[in-house]
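K.L.:
The residues making up each chain are set out below.
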Amino acid sequence: MFYRETGQFKTSYVADMAIFPIRQDRIALWMMLAIAFIGVPLMDAFQVWPFASEYLLRAILIPFLILALATVGLNILTGYCGQLSLGSGAFMAIGAYSAYKFATGVTIGVVSLPALPVLLSILLGGLMAALVGILFGVPSLRIKGLYLAVATLAAQFFFDWVFIRVPWFTNYTSSGSVTAPALKFFGLTVNTPIERYLLCLVFVCVFALLAKNLVRGNIGRQWMAIRDMDIAAELMGIRPLYAKLSAFAVSSFIMGVAGALWAFVYLGSWEPLAFNIDRSFQILFMVIIGGLGSILGSFLGAAFILILPIVLDQIPHALGAPISVETVSLLVFVVTGALICWLLIVEPHGFARLWATGKEKLRLWPYPY
Amino acid sequence: MKKLSLGLVAAALSAAAMSVPAMAQQNEQFFPLLVYRTGPYAPNGIPFADGVADYLTLLNERDGGINGVKLTMEECETGYATDKGVECYERLKSKGPTGASYFSPLSTGITFALTEKAPGDKVPLLTLGYGRSESRNGAVFPWNFIAVGSYWTAADVAIQHIANELGGFDKLKGKKITLVYHDSPYGKEPIPALEARAKINGFTFKAVPVTHPGVEQKSQWLAIRQDRPDYVLLWGWGVMNSTAIKEAAAVGYPRDKIIGVWWSGAEPDVTPAGDQSKGYKALMLQHPAGKFAVHGDLDKFVLSKGKSASKDDYAQVLYNRGLINSMIGTEAIRTAMKKFGNKPMTGEQVRWGFEHLNLTADRIKELGFDGMIQPLQFSCQDHQGADLARVQQWDGKEWKIISGYYKADLSILDPMVKEASDKYAKEKNITPRDCSKES
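Residue numbers (our numbering), protein chains in the order written: chain A, -9 to 359; chain B, 138 to 576.
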């Protein structure tokens, strides 16, 4: 009933090929965008609860957006192209450190670049991640599945090592920790939480749209063909070299940009530990929980993995229960772990499939079958 | 329906969690406590957190707070992780009627991240013996207070003690000193100071990293056995310290030639290695373990009433350090109250209090910290306030103080602080304050 598309006739190819062919979806999307782009800044400006403190923006929304972006990146590689990767943290780190180098002025051989604008640096950081992604994607032409995961794990450990050991990347700081330059965009300095939030939101929207269109197009179909059965895909004339490496490139690019944002916008000062193996696993869990091969799922997965522990952590205190912090943090592990197990048993395809099922039920409501 | 109601309950719960109940009781000073009571660093995080909390409880129980302002606190578990620490900071920074008094994250990584955020939020950071060494320069880092000592102080004092044991600075020439360090900003901080000393005193310096969390150190100690350095400096934290001692014993490296930093010199660092730790030395952030005058009050007002956070770490090294941390912080608030009146202080006012804090010997005695800490004074320029440290040795049962006070050589360290903080100021576009004009 809610999703009845009766009467919505598609009279042109454009309408038929739309990202959201159902009108209700489009309305919902525009409303979400309106809330995100207009509602949140308005609520922040008027200090409406829960925006009265910066907590929601700075500790929840900004990391959520950035990690969702990284999840979209990994989802292209793992969800759409079927290449299991444990190197997300490394690609994020490459994005972050390259962006840092470009933003503080870099000399490579005889070429000496001045300090580049932050926006350009972030995009170049993504580009560097894409190049390295292609390099580490080459083994995927020969090895598959778990073996590939181990190969990408090598990337993770290698870059952990590189950024700790090679002082050039940190501009020779004694502690190995670097601080992001001021966030200047076209002469404007992005500083307040709401500005940082909007910055991340713009990045996420642009890249989510890009990713969605890529996976709907020719190249996305090639990725999915490779995922579903690479030999059959090859027989149909899809070049695995091109398909797999392009997936690695696009995915690493997005993850690199996410890494640069994580470092510049969220942390401000970071060390290689911010992008260690735990980050790779976190992103992979987000993809799996959200749903492999779904852009929407990336957002849902990121929200679940990031926000649930934070909320659980605060419940006992908010209710005034006298439980010590160590018990709470252990409880959070237990409950989150149990919820993940439960979810994967009930719906192995993640939140995206849950939503798809729900949508189907809503369409047939009140007579679902 | 059942699912729907479950969802509603979940939504209500999460809403309750988001809405931090800001029970704005006016006369309260809020202390945010970033702690880690879980994870690989918990053995060291717990005693410190207990000491911090117990001293605040003591002030509440004995004096009714500070000048009639009650102290409230809330702990947030960081697990020593930087991103979790940032989340905790955001969660706690604006609680209480005047916001957070100051943060002491007890993690160099979190300190680095908060250093970027504190000036914007106007919350001071009190980092007792850890954090950015160059943050001593208050002109560039107005919000950081690296009280009592930095890693550069520690490195310098450690070399001085080695020279003392060898019988003079000239004996250092040609010696080999190896640093075994936690591979993070924490462990890397002392390297420039040690390199500077190596150049001056002519010893060979080598740095050997240990990856987080430090339970795997076999190859490092095998390399040390091959290399046979005259002394090993240990810059570890959590399980890394006891592992290092065990590995040193396994390769037969004499423990009395190992000197740990003051974060590697507490009971949880030596007891897990049992008899193998006998002879192991460590720097002291001035204070030892054991009971002092303040512990009498703690016994009377906190422990006997069952209000202590401590279980079995009472009067241990890190517990006492927690007490000192809270003492310096609350004394800064007291100083601020003298100027701004006896009401809850804002972060800005507390910062003023820190900068004008003068802990004289008399005041320290009055507070019951006599013997734990030497006089300490901050100023606009100097956010460290002291350069003294001692050395202690583990005799198998307890820590024994084996040296007098060493004073770090400021003719070496001051130029380094200046250079590093100038570089930071340039990178971040900060114009240093002119301290001659500050009141």
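Read the hints as simulated data drawn from the structure, not as lab findings. The beta carbon of each residue, even a glycine, is placed where N, CA and C say it ideally should be. A hint or two may mislead.
As the list claims (entries may be wrong) - Short derived list, chain B residues pointing at chain A, Cβ under 7 Å:
id: 1; residue: Phe249
id: 2; residue: Lys325
id: 3; residue: Ser447
id: 4; residue: Asp449
As the list claims (entries may be wrong) - Take a look, some chain B residues computed to stay more than 12 Å from chain A by CB distance:
id: 5; residue: Asn164
id: 6; residue: Leu229
id: 7; residue: Gly246
id: 8; residue: Leu251
id: 9; residue: Glu302
id: 10; residue: Asp320
id: 11; residue: His349
id: 12; residue: Arg392
id: 13; residue: Asp436
id: 14; residue: Ile501
id: 15; residue: Arg527
id: 16; residue: Glu564
K.L.:
Each hint should be assessed against the structure and marked as holding or not.
P.N.:
Checked hints:
no.: 1; hint: Phe249; verdict: holds, 5 Å
no.: 2; hint: Lys325; verdict: holds, 5 Å
no.: 3; hint: Ser447; verdict: violated, 12 Å
no.: 4; hint: Asp449; verdict: violated, 15 Å
no.: 5; hint: Asn164; verdict: holds, 21 Å
no.: 6; hint: Leu229; verdict: violated, 9 Å
no.: 7; hint: Gly246; verdict: violated, 6 Å
no.: 8; hint: Leu251; verdict: violated, 9 Å
no.: 9; hint: Glu302; verdict: holds, 27 Å
no.: 10; hint: Asp320; verdict: violated, 6 Å
no.: 11; hint: His349; verdict: violated, 7 Å
no.: 12; hint: Arg392; verdict: holds, 28 Å
no.: 13; hint: Asp436; verdict: holds, 22 Å
no.: 14; hint: Ile501; verdict: holds, 31 Å
no.: 15; hint: Arg527; verdict: holds, 26 Å
no.: 16; hint: Glu564; verdict: violated, 7 Å
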